[in-house]
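Residue numbers are given in UniProt numbering: position 52 of the sequence shown equals residue 52, and the series is strictly consecutive.
Keep in mind the hints are simulated off the structure, nothing from the lab. Predicted model only: the values in this text are computed from it and were never measured. Some hints could be false.
Claimed, not checked - Dumping the calculated PhoX-like pairs for lysine-lysine here, alpha-carbon to alpha-carbon at most 25 Å:
no. : residue 1 : residue 2
1   : Lys43     : Lys19
2   : Lys19     : Lys9
3   : Lys73     : Lys96
4   : Lys9      : Lys43
To be verified - Label-pair restraints from in silico Cβ distances:
no. : residue 1 : residue 2 : range
5   : Gly41     : Asp66     : 39 to 49 Å
6   : Asp66     : Pro34     : 37 to 47 Å
7   : Lys40     : Asp66     : 20 to 30 Å
8   : Phe27     : Arg75     : 16 to 26 Å
9   : Ser5      : Arg71     : 34 to 44 Å
10  : Ala67     : Gly35     : 35 to 45 Å
11  : Gly49     : Val6      : 17 to 27 Å
12  : Glu39     : Ser5      : 11 to 21 Å
13  : Pro11     : Ser61     : 16 to 26 Å
14  : Ile15     : Lys96     : 21 to 31 Å
15  : Asp44     : Asp93     : 16 to 26 Å
16  : Val36     : Val108    : 33 to 43 Å
17  : Gly41     : Lys96     : 32 to 42 Å
18  : Val108    : Ser24     : 40 to 50 Å
Idealized CB from N, CA, C, for every residue including glycine.
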Amino acid sequence: MNEFSVIRKQPLKPIDLVKYSGASGDFNEIHTVPGVAHEKGLKDIIAHGMFLMGWAGEAISEWFPDAKLSRFKVRFQAVTHPGSELFISGAADGNKGEIIISDSVGEVKLRGSFEIQ
1 MNEFSVIRKQ
11 PLKPIDLVKY
21 SGASGDFNEI
31 HTVPGVAHEK
41 GLKDIIAHGM
51 FLMGWAGEAI
61 SEWFPDAKLS
71 RFKVRFQAVT
81 HPGSELFISG
91 AADGNKGEII
101 ISDSVGEVKL
111 RGSFEIQ
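All chains, full assembly: derive it from the sequences and hints.
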C-alpha cells in the first residue's frame, strides 16, 4: 500500500461544533452544552461523528483531487473532545484505500475504507 502524507488538523474548538450543529441540523446538546454532556456521563462536549467523517472525506479529496469517491465507509472508534489535535493518515492500493483519524496520543477516533474512480 502507498501511504499518504499525514494531514494535521488544528485543535477542535467548541465554536466548530456549534457551527457544525447549525450546518447539519444536529442540535443534540452533548455536542454544544457542557452541562448536558456532564449529565450524560461525558467529561466534556464531544464532536459529531459526521464532523470527523467530513474531515476524512476532505482528506481523500486532497489526496485524490481528480478522482470521484465511489464508496466510503467509516467506524467511529472513540469520542473526540474540544482541544483535541487530530491527524488524518491513509494508504491506498490502486483504487482502494484506508483512512484513520487519531489524536496526538495515538487514540484512533475514526477508521474507514474508501474506493475511488
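Hint check against the structure, violated hint numbers in rising order: 7, 9, 12, 14, 15, 16, 18
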